[in-house]
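Student: Sequence order for the protein chains is A and B.
Per the numbering used here: the first sequence = residues 1291 to 1440.
Per the numbering used here: the second sequence = residues -17 to 417.
Hints in this document: simulated from the structure, not taken from any laboratory.
It is possible that part of the hints are untrue.
[To be verified] Computed Cβ-Cβ distance ranges for the label pairs, DEER-style:
1) A/G1303 x B/S405: 48 to 54 angstroms
2) B/D339 x A/D1297: 35 to 41 angstroms
3) B/K247 x A/E1369: 35 to 41 angstroms
[To be verified] Quick list of in silico lysine-lysine cross-link-like pairs, DSS-like style, CA-CA up to 27 angstroms:
4) B/K122 x A/K1298
5) B/K120 x B/K193
6) B/K338 x B/K372
7) A/K1402 x B/K350
8) B/K90 x B/K171
9) B/K410 x A/K1341
10) B/K108 x B/K247
11) B/K193 x B/K247
12) B/K234 x B/K68
13) B/K108 x B/K188
14) B/K234 x A/K1433
15) B/K234 x B/K185
16) A/K1433 x B/K290
17) B/K193 x B/K59
18) B/K51 x A/K1300
19) B/K290 x B/K193
20) B/K122 x B/K171
21) B/K247 x B/K185
22) B/K146 x A/K1402
23) B/K68 x B/K90
24) A/K1433 x B/K372
25) B/K372 x B/K68
26) A/K1402 x B/K90
27) B/K68 x B/K122
28) B/K234 x A/K1341
29) A/K1341 x B/K372
30) B/K247 x B/K90
31) B/K120 x B/K68
32) B/K290 x B/K90
33) B/K108 x A/K1402
34) B/K372 x B/K410
35) A/K1402 x A/K1433
36) B/K36 x A/K1402
37) A/K1292 x B/K410
[Unchecked claim] Some chain A residues flagged as far from chain B (calculated, every beta-carbon gap over 12 angstroms):
38) D1297
39) L1309
40) E1314
Keep in mind that this is a model prediction, so the values were computed, not measured.
By construction, the Cβ of each residue, glycine as well, lies at the ideal position given by its N, Cα and C atoms.
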Amino acid sequence: MKVLMVDKEKCTGCHQCELWCGTEIASTSKELAGAINEEPHPVPRVYVEGKPFALQCRHCESAPCLDACPNGTMRRDPETGLIYVNEQTCIACWMCVMVCPFGIINPSSSMKVAIKCDRCRNMGYPICAEVCPTGALSLVERKDYRKKKF
Amino acid sequence: MRYIIVGGSAAAISAVESIRSLDHESSIDLFSDEETPLFSRVLLPYYIAEELSKPLLNFRTADFFEENKVTPHMGVKVTSLNTAAKTIRTTDGQTYAFDKLLLATGGKAIIPPIPGIDKEGISTLKTMADAERIFNMKGKRAVVIGAGSIGVEACISLTRRGIKATLLEQLGQVMPTVFDAEAAEIVQKRIEDLGIDVLTGEKALKFTGDKRVTGVVTDNRELPCDMVLLSVGVRPQTELAIQAGLQIGELKGVRVDETMMTSAKDVYAAGDVAETHDIARNAWFLNAIWPCAFEQGHFAGLNMAGRKSAYPGSYRRNSIGNFIGIPAISMGVTHAESCAMASDEDEFREIRVRTKDTYKKLVLRNGKIIGAILVGQTQKAGLMSILLKKQVNIADSIPLLMSDRLNFMDLLPILRRNADQFSEPEYKELMDTGL
């Protein structure tokens, strides 16, 4: 499957991806000025923390969030392999928050649903990669680490 | 290949999915003594709170059996298991043969031997039938006995429906297997703020009333009530395993090896019925929680379908969700003392940070996380969970782990030091960034 990778030489840690994810994906107004003033605050799905690196859901091959979700709210799209939250059925039990090894699933500001990156599965291309001013984010095929090296 | 699954909850369904990921053709027969398929036990408190209707309790869609080519036998109990002949007998009078069988019979609610326990208006909360009974009780005052996760959630659920509830716990704090005293104090305050009376260190001695319960007599008082909910824990449902002569552990669960196989060849066990190696305790343990059941079912299914996969072990994980207004998560052991199989050389440490609204605690054994409690601020709980699961030394990163700036990228040096433990592609590709 494809994964989002970050070129560490290009990522400056400018948080543009976070800002746009929060505006375009999380907010209701879809405009920066409106998003900033929204209550509760929109929660972006990408995190630039610790290092100049934009971290989103890695869509794990064996995903702890899928095993922990008690009502099938966390789902994997069989075609793309992308894991997403079916927000209508989320009961805010935070079991997924409890087990996500990357710490990228979080409660919404209203504490009603779990929020995570679905890599803009209903859009053409992930917004974070699209807006990155240095082109640091790109969608690449996941490396097969099990392949034997000769 | 003929597969038989005994049970119809998390471990069973997870095993079906794993079998079907490798084997699309073989027959799968699933037997459950409950009539309602595919509902999530974890959600029963939401049902009695009238927050979720019955269809919304399902964790898989109604066409799951059809989609996965499973023949369901709902409301059919398996009465005997012959591991030599590889057959089962059921209450519908039939005998079925299998090549691989999964025992996922789950747990059953403990009914404490308190005088008057058989009165009307007294129920456990484990099955759909229990939930419906409680839902229809039309009580005004309830006493919930046992302040574990289910007890607390059920108590709050009843309160949300306008029933005046008292929570009774014989130990000195709420959620004694989940939180330490300090976290429990924060949680208890929150429960009380919802209008619930919480009585700890107090034991139910008998129930009063003729036909229907009218009160609970404790060692300090009598609590008038017209309904009682029992939530004092669960025990593995092992009748079938015992009858079949499977090895039973000290904690009365079915012993399984790394492949989730029981002492009988081709007979596997997973979920609340299984006694597994607990990573945090470094001992056999019963972790009757949803994520463990699902994981174990997953590994059992893979092994049953012929792909050798070693289950890394279980560890407790609990989240209180949205019930008390703040998130609270706990995993592994709550105290260093609760660790069995400790040797003299083992060095234990507990680290705590308390602010007005938050509490964070780590329990370490030889520099490795074996327990974590997070109250109020729980966003990076999963990082503790993976470090606990992988049992890597984090002794030099304690300030980072305890701080609010904790994030995954800063843990990369720990992952790199233990690269053989983090062999999954999602970790490798991030280690490869060189950050």
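Student: Checking against the hints above, which ones are violated?
Tutor: Checked against the structure, the hints that fail are numbers 1, 4, 6, 7, 8, 10, 11, 14, 17, 18, 19, 21, 25, 26, 27, 28, 31, 32, 35 and 38, while the rest are satisfied.
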